[in-house]
Amino acid sequence: MALIDLANPTRFLAFARAAIPIAGVLAAGLLAVGIYLAFFVAPEDYQQGATVRILYIHVPSAWLGMACYVVMTLSALGTLVWKHPLADVSQKAAAPIGAAFTLLCLVTGALWGRPMWGTYWVWDARLTSTLVLLLIYLGLIALWRTVEDPGRAGRAAAVLTLVGAVNIPIIKFSVDWWNTLHQPTSVIRLGGPTIHSSILTPLLIMAIGATALFVALHLSAMRNEILRRRVRTLRILAAQRGATA
Amino acid sequence: MTALIALVVRDLRLAVRVGGGAFVGVLFFLAVVVVMPFAIGPDLNLLRRIGPAILWIGALLASLLALDRLFAQDQEDGTLDLLLTARTPLELVAAAKGLAHWIATGLPLVLAAPVLSLLLNLEPLAIGAVVLTLLVGTPALTFIGLVGAALAVTLRRGGLLVAVLILPLSIPILIFGISASNAAVTGGLPFGAPFTILCALSLGSLVLGPIAAGAAIRAGLD
Amino acid sequence: MPSPCRLVGERLTCERGGREVFRDVSFSLDGGRTLALVGPNGAGKSSLLRLIAGLVRPAAGTLTLEGGDGELSVGEQAHYLGHLDALKPALTVAENLDFWIAALGGDSGLSRDDALDRVALGKLAELPAQYLSAGQRRRLALARLLVVHRPLWLLDEPTTALDVASQGRLFELIAAHLAAGGLVVAATHQPLALAYDELRLAGDTVS
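Protein chains in written order, with the UniProt record's numbering: chain D, 1 to 245; chain G, 1 to 222; chain Y, 1 to 207.
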């Protein structure tokens, strides 16, 4: 289906009605298989023991936390450049999901770090960049909540998202530089020279499952946002009709 | 009494429905705490030692910056005029608004503090001490800030000016809040003495703040 | 019914921002009567209303509500309807009105739903106030005067933003208030559609 066909919100709602169950079932199936493999089949790490299993959740959520920002950047371009009517809906819907995956990544990272480093948190470059990404997500969510008019909020958020997209690599670079400058406590790097297929297979299944989950959540959130805007329009109409009555 | 309950309920409803309030305050708190290590360095031992101070500074700034619109918003839409013709003393109106504001923006800061403490690698005992001192200290910050918020109505200027006016007045709370927390971290000093003084300051500001805020609003009538 | 009140202002002088707005204004108003404040812009019509409401301190003169409650100030026995509607856009119509019933205090008047019906907003009770038009917001502000009983109504340009039908409704409400022995002081540019005494503020300190 071409993107232009989906520009019509009614047609999008029909598409979403069909697509959400498919993505949802796919996500549930893949995640169930992935979690089974990760927790019962995959081997324990000789160094990390059972804690290595956290990574099967940690890595996909880290990946989606970043992928979500890519979706938002494309949506922001859609809002500002192509003026696609659903672009700011997509962008607004993606932000809380991205924030949730990023938070999940940070929480699982902290739980993994506790037995590994003896503390929940170290100001490691990768962790710190992820935390800054979470801050950017939360700031965008706050922006949407503060501005009442959806169109104006969408354009403002789109500008901020694009500035963020340009800035995130710079932030990442600066944090890396800051971190090596200070030489913090030694950190066990993830992943050895090779990842064995008994680890890689469940990881890939989890990653695809999480992506399907993202698609299902994103479409549902977009549908909710479209319906929310319809409620708003209906309320304005109700007020106008009340004026003539 | 019903008038005061209605005022608290209304302000809480507005805080929940209108974006910006509590959520942004906590976000600001988080941002301040996250930015600190970039200035200080990621040394966990150092951060653990000055963690209570970072959390207190963050909470202080977050609660002050949220304050400037407290009365100004009611003035701009005419609500304040009507509250002046209501049969409830202005001091109690100010106290009710202060209470609602603390529940909406101060309490979330206290609840967020344990999570942020983990970022600074605080020990469980220190986390408890910081949360306890913030729980006692943030009402004092809000109620002293009431005066600034009331002055913002008179001056028709908010934002930084309120913070500049109120920051010096909040120094005692900062001193005793941090020394009580530090006492729990380092263990060298007694916790009780500074904590008791902090409680006293807090109780005092609960009385003084609304009275001064009421006077400031009345003085602003022209 | 409580004994009818009488509002007396003697030699009131008002200064705002170092400028004398009016000087030595005296009036008296019996229960059941309307006082219309007329005069050019800047003559101090709004200032006099705010002064009666207790929102502006008089530089000189006295103001008393004879027959009113001696424990309360004149402002606390008055409804002030200013240029601003004092509504919170995020609250529903009903929540806005409920708040004022509780916050203003004193003798209750009509129930919330009756008052909303009286200003033709009954159907919109559950709608957030942000969706209301200017006229609807004005009518919701008017409903406040009905839910809490206060003898003195201070109306600043009450017909602003109201269409002809709503203006008619407003004058009905005012007439009912007067019939019950109430007092009305209104600042207005247009003649009011009811009998009134006139207090002309010359604004001669300006001209």
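Treat the hints as calculated values from the structure; they're not laboratory data.
Don't take every hint at face value.
[Claimed, not checked] Here are some, though not all, of the chain D residues that point toward chain G, as calculated from beta-carbon distances under 10 Å:
1. T108
2. A110
3. M116
4. Y120
5. V122
6. D124
7. L135
8. R145
9. T146
10. I168
11. I170
12. F173
13. V175
14. W178
Here the structure is a predicted model, which is why all the values come from computation and not from measurement.
Ideal placement from N, C-alpha and C gives every residue a C-beta, glycine not left out.
Hint check:
1. Interface hint status for D:T108: violated, as the beta-carbon distance to the closest one in chain G is roughly 14 Å, over 10 Å.
2. Against a cut-off of 10 Å between C-beta atoms, the interface hint on D:A110 holds, since the closest Cβ of chain G lies about 7 Å away.
3. Taking 10 Å as the C-beta contact cut-off toward chain G, the hint placing D:M116 at the interface is violated, the least distance being around 14 Å.
4. Evaluation of the D:Y120 hint against chain G yields a held restraint, the C-beta minimum of about 5 Å falling below 10 Å.
5. A hinted interface residue such as D:V122 counts as satisfied when its beta carbon comes closer than 10 Å to some beta carbon of chain G; here the least separation is about 7 Å, so the hint holds.
6. A cut of 10 Å between beta carbons decides the hint on D:D124: the least distance to chain G is about 8 Å, and the hint holds.
7. Because the smallest distance between the Cβ of D:L135 and any Cβ of chain G comes to about 6 Å, under 10 Å, the interface hint for this residue holds.
8. Annotation: interface hint on D:R145 holds; nearest CB of chain G at approximately 3 Å, less than 10 Å.
9. Proximity of D:T146 to chain G holds as hinted, the smallest CB-CB distance being about 4 Å (cut-off 10 Å).
10. Because the smallest distance between the Cβ of D:I168 and any Cβ of chain G comes to about 15 Å, over 10 Å, the interface hint for this residue is violated.
11. Given the 10 Å rule on beta carbons, the hint for D:I170 is violated: about 14 Å separates it from the nearest Cβ of chain G.
12. With 10 Å as the threshold, the beta carbon of D:F173 stays out of range of chain G, its nearest partner Cβ sitting at about 14 Å, so the hint is violated.
13. A least Cβ separation of about 8 Å between D:V175 and chain G falls short of the 10 Å threshold, and the interface hint therefore holds.
14. Of the supplied interface hints, the one on D:W178 holds, with its beta-carbon coming within about 6 Å of a beta-carbon of chain G, less than 10 Å.
Taken one by one, the earlier hints fail for this structure at numbers 1, 3, 10, 11 and 12, listed in ascending order.
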